[in-house]
Amino acid sequence: MASNMVIQNMSFRVGQSLAIVGNIKPHAVNFSVNVGHNSQSIALHLNPRFNAFGDTNAIVCNSYQQGKWQQEVRPGGFCFFRGENFKLIIKLTSMGFVVTLPNGCQISFPNRLGSGKYNYFSFNGDVRIKSFEIY
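Mapping of the sequence shown onto full-length UniProt numbering: position 22 corresponds to residue 22, and the numbering continues sequentially without gaps.
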């Protein structure tokens, strides 16, 4: 999986939140945010799709393990806009990931890898990341 931006060796543990601020490119097709151990072990793949892979204005969540994508989850709703800034907050809980979307709605995704700590983050597609903070 090729990445536009990768952050490694930055600890993200259960109980912490990750705030991501970015700008979506004006002609965006899709972008993704990935949290995991490395490019082959992704616990959370968050993929807003404007018009990609047969989807229009959809959010797709998944995980990637042992060289294979797992079962997709489509939480519904879409609150991303081409050419605009966005803020995502991802909280790692003992049960999984709670993602606060730009409009304040929350979606949950299970921690399929079961780890209490991740240190790999990648950002792909039609997005520019402005800030990244773990707190």
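Derived by calculation from the structure, the hints in this document are not laboratory data. All values reported here derive from a predicted model rather than from experimental measurement. Misleading hints may appear alongside valid ones.
[Claimed, not checked] The list that follows gives simulated cross-link-like pairs (lysine-lysine, DSS-like), each with its CA atoms no further than 27 Å apart:
id, residue 1, residue 2
1, K87, K117
2, K87, K25
3, K130, K68
4, K25, K91
5, K68, K91
6, K130, K87
7, K117, K130
8, K117, K91
9, K117, K25
10, K68, K117
Hints, one by one, checked against the model:
{"no.": "1", "hint": "K87 with K117", "in the structure": "holds, 22 Å"}
{"no.": "2", "hint": "K87 with K25", "in the structure": "holds, 14 Å"}
{"no.": "3", "hint": "K130 with K68", "in the structure": "violated, 30 Å"}
{"no.": "4", "hint": "K25 with K91", "in the structure": "holds, 25 Å"}
{"no.": "5", "hint": "K68 with K91", "in the structure": "holds, 24 Å"}
{"no.": "6", "hint": "K130 with K87", "in the structure": "holds, 10 Å"}
{"no.": "7", "hint": "K117 with K130", "in the structure": "holds, 24 Å"}
{"no.": "8", "hint": "K117 with K91", "in the structure": "holds, 12 Å"}
{"no.": "9", "hint": "K117 with K25", "in the structure": "violated, 31 Å"}
{"no.": "10", "hint": "K68 with K117", "in the structure": "holds, 21 Å"}
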